[in-house]
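Q: Turn these sequences into a full structure, and let the hints guide you.
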Amino acid sequence: MSDHRHVDEFTGVETTGHEWDGIRELDNPLPRWWQWVFWACVVWSVGYWVVYPAWPLVSSHTKGMIGYSSRAEVAQEIKTATAGMAGQLERIRKAPLEQIRTDTGLREFAMAGGRSAFNVNCSQCHGSGAQGFKGFPNLNDDEWIWGGTLDAIFRTITHGIRNTEDENAHQSEMPAFGRDGILTKAQVADVAEYVLSLSGQAADGTASARGKPLFTDNCAACHGDNGQGSTEFGAPALNNNIWLYGGDKATIVETVTNSRRGVMPAWGRHLDEATVKQLAIYVHSLGGGK
Amino acid sequence: MRSMGSLLDTAIDAPEVREYDVEAVNRKETRPPLYVPRKKIHPRRAHGFFRTFKWWVMAATLGIYYVTPWLRWDRGPGAPDQAVLVDIPGRRFYFFFIEIWPQEFYYIAGLLIMAGLGLFLVTSVVGRAWCGYACPQTVWTDLFIWVERLVEGDRGARIRLDKEPMSGAKATKRLAKYVIWLLIAMGTGGAWVFYFADAPTLLVDLVTGQAATDAYATVGVLTFTTFTLGGFMREQVCTYMCPWPRIQAAMMDEESLTVTYRTDRGEPRKPFEKNADWDTRGDCIDCKACVVVCPMGIDIRDGQQLECITCALCIDACDDVMGKIGRPRGLIDYDSIANDERRRAGKETKLRLFRPRTLFYFALWALIGLGMVYVLLTRSDLDINVIHDRNPLYTTLSDGSIRNGYTFKILNKAREQRTLTLHASGLPGIALKVVGSEDMGDSPDPYFTVKPDRLQSFRLLVTVPPGILKGDAADLRFVLKEINTGQTASYNSLFRGPQ
Ligand code: SF4
Ligand code: SF4
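Residue numbers (this note's numbering), protein chains in the order written: chain W, 1 to 290; chain B, 291 to 789.
Hint data in this document are derived by calculation from the structure and do not stem from the laboratory. These numbers were taken from a predicted model, which means no experiment stands behind them. We treat Cβ as the ideally placed atom computed from N, Cα and C, and that holds for glycine. Take the hints with a grain of salt, since some may be wrong.
[What the hints assert, rightly or not] Here are a few chain B residues that sit away from chain W, every Cβ distance over 12 Å (derived from the structure):
id	residue
1	T342
2	Y397
3	L687
4	G776
[Unchecked claim] In silico DSS-like cross-links for lysine-lysine, where the CA-CA straight-line distance does not exceed 27 Å:
id	chain 1	residue 1	chain 2	residue 2
5	W	K79	W	K63
6	B	K771	B	K741
7	B	K723	W	K290
8	W	K134	B	K741
[Unchecked claim] Covered stretches of chain B (chain W as the covering partner; in silico rule of three or more C-beta atoms under 8 Å from a C-beta of chain W):
id	segment
9	356 to 370
10	688 to 697
A: Put into structure tokens, the structure is as follows:
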């Protein structure tokens, strides 16, 4: 910095005094409009401090004259939205499921609410499109382990499956036929061949013939004589194209050997009734509802 | 030296011709290299062909702007009867017999593209005609200057008034001017909001304080911008704020007509003298009538300039002078660079309107226009949009059949309820199910009703028996048919299955 004034020859304007490799910066005055805006902003900000929350204090902050807070604003918006939905939710709470399903207005409301509740609570296991994953059933198809009527779906969601939190949860236990020594390794393989044949897949005829009586003795009680399954015991049908864990021989052997034990929370304990009802309507509408 | 105003204008020795004391704001010789504070411009009133033409254009453009929202158009019960209406909450744009849905925004896009290309075309033919005649900034500035002249007088009187110390008379004049400006500005902002709501209702609401805050805010903002842009910023908007002057050069070529001072005829300029020998001197008598009328405050004799909006008022001014001193008019005129060169080379001047550039702009413009007319004429009031589920892409059912889910949306643009059937083709054995419509009868094709003037969404399940689908996808065509009229709308989609 030099302290003698330097005036640019070409423009007649004073420079800032700095020089970088022979380049000097003109010290033109700021445009007037710019200064006006600047001072207006300063004045505005003082007003803002007074009216709105602004300064951090040790354990809190200045609250401002009108007591504004963005958190309260969101809370208010949620309250308004909830109040707006209260009437419909009340109707859903009161109406039987079948009536909700047939009333266009209620159904559309329930499907929208059900979809968002599903995304928040269910999609982690069943997938965002309810397409399911290995061990978590696809809710779009027409096989229902614990029943696919509206009431059955509602019941499953409310009480859950094989959980300890709800005494009314669906309960059933598949024995670990191989691990617990109920069947030998060879017998498990024979049963697996028979199960393959049930669903129309290619199977070894003699092994499958050996497996058939074993199936009748050990499996048919729950899965049915023809492997048609039973929603009463939560025993999936084995004679169709839908497999919860997999329909190839290795997976079937693994299932028979170690058994399977899917669980699901009792959502009735976490969500209010209207939400569970909306979930039931939504899941039922996905395409497989009976 | 800064202008001392018309006090020093000297009468010269020709009937009613005088020399004006004025200096172009951007005069070549003294043009400063950097930013300078604005020099106030006091344009003098011009008379002549272009000035008259500009009054007519002003009347037409302002007329269209102010009157349009008040035109009525009967669309039947339940529909707005405003001819031109942008209904934002209802998501409709009404333009006389045309009614546009948000899905049809391409009409607006097409119109905007046509407006852009039209501007290109006009610019390539006659330069910045838009700037000079039709741009709102020009029109409102012109109007504001007219008010200024009405209240404070023409150039000389205004310069005197500016210099005068504040007095009762001066304050009254200023106040009157600002009040009229403000009323015009409010009228401008006020008219704008009428395009977005039923005008008569909104007017009553605005006056009685019942209108929405948005409406008042819009009127307020537009009042403010009109008042400042038209009253104070004026030519600065064109020179510093508007991008168009910077782009326009790209559309112009040497054949484009634009306001031009004919150097070959005018130079060497010399003050008027009686019985001059016009063969040895130029026609320009350096009276500066062209500078004094210029709303941009520039001197066209310095050549093409970014500031010139080609308002052609300098043509009027100079033609007037030429008439008085008995020289041919058109010393300043619409002319092209090519003609200037032709003249220098001793060739005939000519007007070349049809050049590859103009033809190209016109062809593009016409093409889009025809396309829009075609789309508009074949526009259907029934439309269907089908979105395949993303997740799951397909579902295998217990019997091995494959099912796909779709969301399909029906746009019923008619003003009555309609009953429709949906048919899908492309694969044998297709079964359709509309979620929620199973109680609607046992037709193989589901049928359902859609409400008038509505977009309705349905969920559709399409099932194909096992073994039909070869490969992982097949084409599927949905046809929607209105039962009464047989009108159809179709959509091509895909049916997906396992790999
Ligand atoms: S161009 Fe025409 S109006 Fe301009 S100074 Fe010359 S004679 Fe006067
Ligand atoms: S130079 Fe002439 S045409 Fe250009 S802005 Fe000025 S008066 Fe208008």
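Q: Decide, hint by hint, whether the structure agrees.
A: Consistency of the hints with the structure:
1. With a least CB separation of 37 Å from chain W, B:T342 remains clear of the 12 Å interface cut-off, as annotated.
2. For B:Y397, the non-interface assignment is confirmed: its Cβ lies about 31 Å from the closest Cβ of chain W, beyond the 12 Å cut-off.
3. At the 12 Å boundary, the C-beta of B:L687 falls inside the reach of chain W, the nearest C-beta of that chain being 5 Å off.
4. With a least CB separation of 27 Å from chain W, B:G776 remains clear of the 12 Å interface cut-off, as annotated.
5. For the given pair, W:K79 sits about 22 Å from W:K63 by alpha-carbon distance, which is consistent with the 27 Å threshold.
6. Between B:K771 and B:K741 the alpha-carbon distance is near 15 Å, which keeps this suggested pair within the 27 Å criterion.
7. Restraint check: the Cα-Cα separation between B:K723 and W:K290 comes to about 14 Å, which is no more than 27 Å; the hinted pair holds.
8. Proximity of W:K134 to B:K741 is assessed by CA-CA distance (about 43 Å); at most 27 Å being required, the pair is judged violated.
9. With 0 residues having a Cβ less than 8 Å from any Cβ of chain W, the segment 356 to 370 of chain B misses the three-residue criterion, and the hint is violated.
10. Interface restraint, the segment 688 to 697 of chain B with chain W: holds (5 residues with C-beta to C-beta distance below 8 Å; minimum three).
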